[in-house]
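Fit chain B to the given chain A structure using the hints.
Given next are the chains, with one letter for each unit.
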Amino acid sequence: MLNSKIKDEIDHWIHKFPEGKQRSAILSSLHAVQHHNGGYLTTELMNDVADYLDIPKIQVFEVATFYSMFQTKPVGQHEIAVCTNISCMLRGSDNILQHIEKRLNIKAGQSTIDGKIFLKNEEECLAACTGAPMMMLDHHYIENLDIKTVDQILNDLEKNND
Amino acid sequence: MTDLNQVIFSNINGQDPWSIQAYLSSGGYQTWKSILTDQINKHSPEKIIDAVSKSGLRGRGGAGFPTGKKWSFMPETSQQKYIVCNSDESEPGTCHDRDILKYNPHALIEGMAIAGFATGATVGYNYVRGEFMIECFPRIEQALHEAYELGLLGTNILDSGINFNLHNFLGAGAYICGEETALLESLEGKQGKPRFKPPFPANFGLYGKPTTVNNTQTLASIPKIIQNGPEWFSSFGTEKSPGTIIFSVSGHVNKPGNYELPLGISFGELLDYAGGMENDKSLKAVIPGGSSTKILPGEIIQNCTMDYESLQKAGSALGTGAVIVIAEGSCMVELLKRISRFYFAENCGQCTPCREGTGWLYRILDRITQGNGKINDLELLVDVANRIEGNTICAFGDASAWPVQSFIEHFFDEFEYMIKNKGKSIAA
Chain A
1 MLNSKIKDEI DHWIHKFPEG KQRSAILSSL HAVQHHNGGY LTTELMNDVA DYLDIPKIQV
61 FEVATFYSMF QTKPVGQHEI AVCTNISCML RGSDNILQHI EKRLNIKAGQ STIDGKIFLK
121 NEEECLAACT GAPMMMLDHH YIENLDIKTV DQILNDLEKN ND
Chain B
1001 MTDLNQVIFS NINGQDPWSI QAYLSSGGYQ TWKSILTDQI NKHSPEKIID AVSKSGLRGR
1061 GGAGFPTGKK WSFMPETSQQ KYIVCNSDES EPGTCHDRDI LKYNPHALIE GMAIAGFATG
1121 ATVGYNYVRG EFMIECFPRI EQALHEAYEL GLLGTNILDS GINFNLHNFL GAGAYICGEE
1181 TALLESLEGK QGKPRFKPPF PANFGLYGKP TTVNNTQTLA SIPKIIQNGP EWFSSFGTEK
1241 SPGTIIFSVS GHVNKPGNYE LPLGISFGEL LDYAGGMEND KSLKAVIPGG SSTKILPGEI
1301 IQNCTMDYES LQKAGSALGT GAVIVIAEGS CMVELLKRIS RFYFAENCGQ CTPCREGTGW
1361 LYRILDRITQ GNGKINDLEL LVDVANRIEG NTICAFGDAS AWPVQSFIEH FFDEFEYMIK
1421 NKGKSIAA
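Chains as they are written, first to last, in the working numbering: chain A, 1 to 162; chain B, 1001 to 1428.
Hints listed in this document are in silico derivations from the structure and should not be mistaken for laboratory results.
Be a bit skeptical, because a hint or two may be false.
Not everything, but these chain B residues come out facing chain A in the computed CB check (under 7 Å) [stated by the list, open to error]:
#, residue
1, SER1010
2, PRO1256
3, ILE1324
Please read all numbers here as calculations on a predicted model, not as lab measurements.
For every residue, glycine included, the Cβ atom is placed at its ideal position computed from N, Cα and C.
Only chain A is shown next, with the shape it has when bound in the complex:
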């Protein structure tokens, strides 16, 4: 069941669209639900969204599986996405990603065993090309990365027990 906070958030989005066009609120509803579920979606949650929006379940599933920001399997609590597209690649993003993979002992697309960090397999350019190399940590942009900065970020994440 969706809690009232999530329902309020979904209602806020539904009101942006014409009467009967609540399907337009699927993406935002899934963002809200995923956020409150620790970063991933479950079949049950997707069904709840479909029921709340009063639309067929398949319409929610097909959106959840099409867009790269939705995770349909459990993932780590904090999401790191290193941009490795062309502008970042030219400025050393592959070394950054390799360093993170080595330090966390996982490959892109996997989460750490303690469930703390999800290293997203990011294929898109994240539109911060003039600050390359860059990554997102829980959707916060961190630009002009070097190994030292990355280590600092990972140290802070590991220390932080929330």
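Below, chain B alone, put in the same frame as chain A:
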């Protein structure tokens, strides 16, 4: 040197330029207020569209379609009409819309209101890419809230009888949604799969209603164009490429950045703005308009001016103005493989040539870099690319083919060397 920031970023030097106070004190919303007070004579929709056409403004999202012309396609009808802003910025190398959303959100809001009035759209949606949810989205939401608070949006705005309601929308990570009809599908809550055209959005757009989709930078240019006049705007740039554009310069330069400059400046001057080549390396090649445009070797782009005509004549395109600078020593095979991996990962799966072809392109390039390339692989790559180009519903297919065709055309030796030397790069 040519002055920076003369149109879109002309007001972002003070404190908190994103606030409505800063925007108002730099003359912001004057155009919109002037329309609200004199919508019949001075600022009829026809006159606004005429001014935008005369200014020569072309869509800055990559295709370069004349904006005034696009607006004129909107039919006279009593149906609901929509104006949609494409802030789904994701063309590799491009990051100027992000700065507009962050630093000048009110210019976009005012531009959308003007566009809505000119095209008869009383509702607007600003489609912001999902990854901007923490950084840009709260700021454009705050700006929208401020504009409503001052009564600049809504119903019967400032007793003018004009209605315009604007909403921000958040995507969820899909490059293809930057294609305007895929964006509309996504806005309707569906998978972002481009629609077959015609009908074009002006006739069958959002929810099947007449819709104009413009890019963020295009719309953010509008208030100043109407305020200062089309002649003022076209006094920047060249005769055929008027106005300014924000170049996102990335890659091997000393000062990567967004530089708003008149179209038609020389490549050399743009490179000077970006601080010249990193570590004084020599220039090998440039992708001048985002990864979907064709790569140009250094010796060709050095003689180009940065405008629609010159880059087209050189065999590429201005695209989004995302100038990706590549220094000597870079492996062109690895770069192309990365670009092809992106198109393989991001294709929507709808058209067979693109869905299957992008996989072929990536796998062939992968086996070349693994040392398993065959000598006829280069012919095969170009053949596959040629079979995608022109055979798909949207321009994504072309965008996946052009890098392959142009990298192999200009750097054939590097690809051949790697195949003959079992994966060893000539650049290494």
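Against the structure, the hints:
1. SER1010: The hint is violated - SER1010/B has no Cβ within 7 Å of chain A, the shortest such distance being about 20 Å.
2. PRO1256: At about 4 Å, which falls below the 7 Å cut-off, the nearest Cβ of chain A leaves the hint on PRO1256/B intact, so it holds.
3. ILE1324: 6 Å, holds
In this structure, the one hint that does not hold is number 1.
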